[in-house]
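*Asks:* Residue numbers (the numbering used here), protein chains in the order written: chain V, 10 to 572; chain G, 14 to 116.
Worth flagging that the hints you see were computed from the coordinates, not collected in a lab.
Mixed in with the good hints there might be a few duds.
[To be verified] Taking lysine-lysine and the BS3-like style, the derived pairs with C-alpha atoms no more than 25 Å apart in a straight line are:
| # | chain 1 | residue 1 | chain 2 | residue 2 |
| --- | --- | --- | --- | --- |
| 1 | G | K82 | G | K69 |
| 2 | G | K111 | V | K481 |
| 3 | G | K82 | V | K132 |
[To be verified] So the derived list for chain V, only partly shown, Cβ under 8 Å to chain G, looks like this:
| # | residue |
| --- | --- |
| 4 | Y44 |
| 5 | I75 |
| 6 | K481 |
| 7 | Y563 |
| 8 | P567 |
Where a beta carbon is used, it is the ideal one built from N, C-alpha and C, also for glycine.
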Amino acid sequence: MERRRVFIILFLFTVVFIAIILRILELQWLNQEHYLKLAKNQYYTSEEIFLPRGIIYDRNGKFIAISVPKLAVWVVPKYIKDKEATAKGLSNILGIPYEKLLNILNSRRNYTVVANDVDIQIKPKLLKLRSDLKEWNIGITENNIRFYPNNQIAGSTIGCVSRKTGKGLDGIEYLLDNYLGGGQAKFIFLKDAKGNPITIEKANVEKLSYHAVLTIDINIQYIAEEALNELVFHRDPLEASILILDPKTGEILASATYPNYDPNSYYKYRIRKNINFQHAYEVGSLAKPFILAQAVEERKVNMNETIDCLNGAIDVDGVKIRDHKRFGILNPVRIIQHSSNVGAIKIALRLDGKRFIEKLKMLGFGEKHDIFPGEASGLVKLNNRPVDIAYGSIGQNWTATPLQIAIAYSVFANGGYRVKPILVKGLVDSSGKFVWYNKPKVDRQIFSKDVVDTVIPSMVEVIENGTAKAGKSNYFTVAGKTGTAQKYDPAIRALSNSKWYTWFAGFFPVSDPKFVVVIFANEPKPKYLGEHIGGGGVSADVLKLIVDRIMFYYKQKPDKQLN
Amino acid sequence: MYDNGIHKVAIADLLVAIKRYKVSILISTISLIGLISYNHYIFRVESELYNLNKQKSLLISENFQLKKKISEISNPERISSVAKQELGMINARYEQVKFIETK
């Protein structure tokens, strides 16, 4: 009987023991994650902070964008014992009115941030105040804010970082978001029994980030922006831009746009586009040098021949296309110099239409270069009909971005090659070593050196004695072409006679081209009543300013004889 | 008298026990001293590491502040404005520039 009782008790003990073991297994193993989560919720509280992003440098190592450590100062008012002394101490350090702080301490109970973006140098003072007052519920969290020291200079190209997520929103910041790092990280605070944060337990801040080196030269960028401001001041256009690149490497040295914005306060701006990359426009007479080059290449034109420009109008497929002046007999150089539509059309009609369209595509028109977020491809959908070729040869009915124009004009400046545009030179690690380098690349040869050398003198004449002569430099030889395209006016359902796109594209110094420049304006206004709007007139002053200043900055010797 | 006797017996027993387990006691004592010293060393290293990390963090922050200052000072707009407005400088004309030919 007694033996049986012992067995029963032992059996009960064993059952209880096994039940306990099973329960432990359930808690520790089967539902481990669930209970860990519950424990975390009970003991920890979290706060999100912005991580530092990689620095963006210009090509010479100057800072374009940096993350600056800042402090967030917070309090848990319900645990602050001496509210007056705390408010007074914080007011002295943070420069926030005492009454405001006292009001926060008296009216709020839980975790409250009293100041953001506080200078990190103040940290020792805050720690001393906390220690002196023994108020452990005055807290400090380190944060990072993105700072753009050059303000609006290159703003639309660099882009900005969201104040809410710490991630890139536009421009280079968006393009390189995966490499620059940043974003938010969760800091976990250990709570006491009452839910009061007492210490930082851990943070997931391990994130790989690189620094970026751009091809932009911030000084050239500033020169371009100053020149663009002049254009905007005198012409009040809807949009305008200047793009400068190195024709041999495709490296973009400056990209100035109007409208522009200051990335430090990006949220104040409604428009944050970069028209150099993101918009395409009809190019007008900028197309003419390409026509001439192709005609030279296919031996469809002799540079010494004369062409009758029909006194200012030509009929193609029953459509009358007019010139801006009544030109008579001109040779190909003068056709480019004076920008005769009739002359250019007559040369273009000698070309095979398909090959003409193919050449435009080879030059990079109608396709994205994929170097900037939201890049436009432009539109080259010309038909093979003579009237389409005629309009195409004077830059109507097809569109291009300023970037595409710059790359296409590089072909003339570098001996006939299409280069790949580059905006990001590379990525460097914290030791300054390149982990990725964007090597300049030649896409393909478009024209032979002989063809290019044959066309360039006509482009020099454009600046020396032609449509852009007002922009002539006294020191350097510039080659280029002006362009004026009529805008389509939806009000009259036809091409407008008062709204224009104006262009200049060219390169300098002609002796050894180092820079390609594109100047664009959308609907520039006349300087005086009755002024004829044209690419030359609008761009001339800007061109002159840019050429001389850039060449001086690069310590280049004039290639013209000084008087 | 009786207590004194008990004490003597207890001490004698303790001595016997110490004698019997002297190796174990020695090993335990050495281990204990070693453990305490090791803990002390770890604490010292950790505290030093904490201070160095704190210092590093402050220096990194200071470095960023200095970078910010440098970048603000190098702003071409600021330099241009100081040059033109405060120092009365103007853009140079090429006629005023002498180029020295180098071999």
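*Asks:* Next step is simple, just say for each hint if it's right about the structure.
*Replies:* Verification of the supplied hints:
no., hint, in the structure
1, G:K82 <-> G:K69, "20 Å, holds"
2, G:K111 <-> V:K481, "22 Å, holds"
3, G:K82 <-> V:K132, "19 Å, holds"
4, Y44, "30 Å, violated"
5, I75, "6 Å, holds"
6, K481, "14 Å, violated"
7, Y563, "13 Å, violated"
8, P567, "6 Å, holds"
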